[in-house]
Amino acid sequence: MSSEDYGYDYDLLFKIVLIGDSGVGKSNLLSRFTKNEFNMDSKSTIGVEFATRTLEIDGKRIKAQIWDTAGQERYRAITSAYYRGAVGALIVYDISKSSSYENCNHWLSELREKADDNVAVGLIGNKSDLAHLRAVPTEESKTFAQENQLLFTETSALNSENVDKAFEELINTIYQKVSKHQMDLGDSSANGNANGASAPNGPTISLTPTPNENKKANGNNCC
Amino acid sequence: MIMSSTMSTEAALVPNENVFDTVSSFNEDDANYSVLDLYDDDDEGDDSSTVERKEILTTRELEKAKAFTSLIMADPENFDRYGFSKKGYFISQEEYDKWWTEYNRYTERRKKKWENFLLKNKIELHNDNPLVYPARTDELSKFVRKGIPAEWRGNAWWYFAGGQRQLDANVGVYDRLKSDCREGAVSGKDMEAIERDLYRTFPDNIHFHKESFQNGEPAIIRSLRRVLMAFSVYDKTIGYCQSMNFLVGLLLLFMEEEKAFWMLVIITGKYLPGVYESDLEGANVDQGVLVLCIKEYLPEIWSHIESSYMNGNGSTDQISGPTSGEEYLCRLPTLTLCTASWFMSCFVGVVPIETTLRIWDCLFYEESHFLFKVALGILKLSESEFLESKSQKLFRQYSSYTFGGSNDSDSTFKRLKNKIKTQEEADMEILQVIQNFPKRLLNPNDIFEKVLMKKKVALNGITQEKIDRGREYVAMARNRQRASSRPKERRK
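Going down the list, the protein sequences come from chains P and C. Quick note, the first sequence lines up with residues 1 to 223 if you use full-length UniProt numbering. Quick note, the second sequence lines up with residues 1 to 492 if you use full-length UniProt numbering.
FYI, nobody ran anything at the bench for these hints, they're computed from the structure. Treat the numbers as computed from the prediction; the structure is a model and nothing was measured. C-beta atoms are modelled at their ideal positions from N, C-alpha and C, and glycine is treated no differently. Please note: incorrect hints may appear among the correct ones.
Restricting the straight-line Cα-Cα distance to at most 16 Å, the calculated cross-link-like pairs of lysine to aspartate or glutamate (EDC-like) are [stated by the list, open to error]:
(1) C/K270 <-> C/E465
(2) C/K189 <-> P/E73
(3) C/K146 <-> C/E449
(4) C/K295 <-> C/E257
(5) C/K210 <-> P/D41
(6) P/K97 <-> C/E192
(7) C/K236 <-> C/D279
(8) C/K112 <-> C/E124
(9) C/K178 <-> C/E257
Some chain P residues near chain C, calculated using beta-carbon distances under 10 Å [what the hints assert, rightly or not]:
(10) N39
(11) S44
(12) R53
(13) W67
(14) T69
(15) T79
(16) P137
(17) K142
(18) F144
(19) A145
(20) L151
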């Protein structure tokens, strides 16, 4: 059971957060990706839940820890710690519900404000199986994603379409960022500290804020 | 009302015909409903838009039918006496059945003792159900802590929470609210959020499940809608907050709609003040109080939290000004991401159902400080599990090196540094334990007998008065810190 896996059989650990309006399918994307499960009527998520899945890139084992939270607006007030340490984020909307797409702008600014500047971001149009009810044209989202430098995929947690692809693309992007960051810092050792910070660091999470970034982030996050 | 007062302990509630024999026109996927439709119980029609939509949604409907079939399997043995699926992600049916055989004997024994206790106090049963209880004594409190008989719960909760007083002071209010709802008093935003959550409340409970071959909605879903909508009109500062669906959903399994409504008023107003309001500040305050309790009662966990503030996760000197020692009340530690929902849902869905119900027995008898006790009890029980987690061990070794003044040239230190995970990773793994541990608390007595009812356990020091004082203190500290950090926020 992946969610029970406290082991150390991985080289890198990436924290990825799912955000987006209530009811767009965040929890089902999570369960599809980590457990290959889908529930037609899944419980509304309150608080925060997460699960993990380990993938291999370039011979490195990468443990992706995916976080899921309540979509209702007011829950932002208790989830400021949600973004701490996240290196990737997926903004999810429902292709059959235009308001959930329109709110992506809002979710993007929330992310820019609260998460690390280097966080890799993907836009996901979920419920692609509801083609007949499509309210958000693919091209429009594609343009929005390009303008904001986001990855973009349409997925269906119900029939699995593109779910793995969406997560894998994001994880790949994070991996590239991490590797590049390490090279930029001239630190080629496997155990190198990708962000150059002196904080205790294993061969793992990179992109964590440097002390300076930390201060800035703290100022913003307070309450 | 599903659990009738005449029901015997063993009589399974499943399937209850009353729950499934109703018909309404409302389709959950149909966005073009009117408020009136929602409240029209007698409408049997199936409008054309619903039919159309049905065709479109074939895949989803099929999936739903499949899910339902696998859920029912025509075997009520798969469900507990409240209609919940016995099997869960963390618990197999075999485990459940094995535990239940034992626990059922316990509940029967307890019921006998209750009956004797009530007899001794000259309280009569009406249809096997007491309408009043003896005066509050340590003895009564002990009885409540050991569990109220399931078929008495609705009345008992209502009695202990003072529901009747609320109702008597507000005769006719609920009916008026319902009619306000029919006339469009519910805000569009609340209505949308409520509609979305109705079927996402207890998908694992047979009474909340819509059969794919029926157009009608289960009666309990319609009650849930009415209560939540009425409440959103009754208390506009709260409106609808996700997690209230779980509270009302569970109440409705034990009492009628109007009573469930007033119980929600009591929970949101008296037990968890400010918790559901639009800024959820009450939830943050309660998490601050919980952290203070951890500091006092669970030093091992506290030392982990504290070190996370010393290792760059927090910045002790940046934001806090004069009260820097209490930064954690403002920038709440990561574990509160998990624990906040424990309080908001009063443990519904956090722990298995029988454990939830035992907690609710005490919540209505002892008020909100009991939720803090349970949270600390769970943390205490899971403590050993997460302290053993490898990274935590290594992290602690590492911490002792850094704080002990060791330097980088120390080879042991270097070796450790390569092995250990960051504080954030340690946090994540602890969170994973805290998230999953309570879901396996199938047997209520694992927490009640081992922690909560122990005579000489430090947690007994937590009283309602202490929690109330804590809430005041944390609210003030958070206000202060917010005021002092504001200029810095503007800087960006």
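Structure-based check of all given hints:
Proximity of C/K270 to C/E465 is assessed by CA-CA distance (about 13 Å); at most 16 Å being required, the pair is judged to hold. The suggested pairing of C/K189 with P/E73 holds, with an alpha-carbon distance near 11 Å, which does not exceed 16 Å. With a C-alpha separation of about 9 Å, the suggested pair C/K146 and C/E449 falls inside the 16 Å cut-off, and the hint holds. Proximity of C/K295 to C/E257 is assessed by CA-CA distance (about 41 Å); at most 16 Å being required, the pair is judged violated.
Distance check on the hinted pair: C/K210 and P/D41 sit about 10 Å apart at the alpha-carbon level, within 16 Å; holds. Restraint check for P/K97 and C/E192: the C-alpha separation of about 12 Å stays at or below 16 Å, so the hint holds. Proximity of C/K236 to C/D279 is assessed by CA-CA distance (about 13 Å); at most 16 Å being required, the pair is judged to hold. Our distance criterion of 16 Å between C-alpha atoms is met by C/K112 and C/E124, whose separation comes to about 14 Å.
At roughly 11 Å between alpha-carbon atoms, C/K178 and C/E257 fall within 16 Å of each other, so this suggested pair holds. Nearest Cβ of chain C to the Cβ of P/N39: about 7 Å, under the 10 Å cut. The hint holds. The closest approach between the C-beta of P/S44 and any C-beta of chain C is roughly 4 Å, which is under the 10 Å cut-off, so the hint is satisfied. A cut of 10 Å between beta carbons decides the hint on P/R53: the least distance to chain C is about 13 Å, and the hint is violated.
Proximity of P/W67 to chain C holds as hinted, the smallest CB-CB distance being about 8 Å (cut-off 10 Å). Checking P/T69 against chain C: minimum C-beta separation of about 8 Å stays under 10 Å; hint holds. Satisfaction of the interface hint for P/T79 is found here, the shortest Cβ-Cβ separation to chain C being roughly 6 Å, below the 10 Å cut-off. A hinted interface residue such as P/P137 counts as satisfied when its beta carbon comes closer than 10 Å to some beta carbon of chain C; here the least separation is about 18 Å, so the hint is violated.
Hint on P/K142 is violated. Least Cβ distance to chain C is approximately 25 Å, over the 10 Å limit. Taken as an interface hint, P/F144 does not check out: its beta carbon lies about 23 Å from the nearest beta carbon of chain C, beyond 10 Å. Residue-level restraint check for P/A145 is violated (minimum Cβ-Cβ distance to chain C is 26 Å; threshold 10 Å). Checking P/L151 against chain C by beta carbon gives a least distance of about 23 Å; that is not within 10 Å, so the hint is violated.
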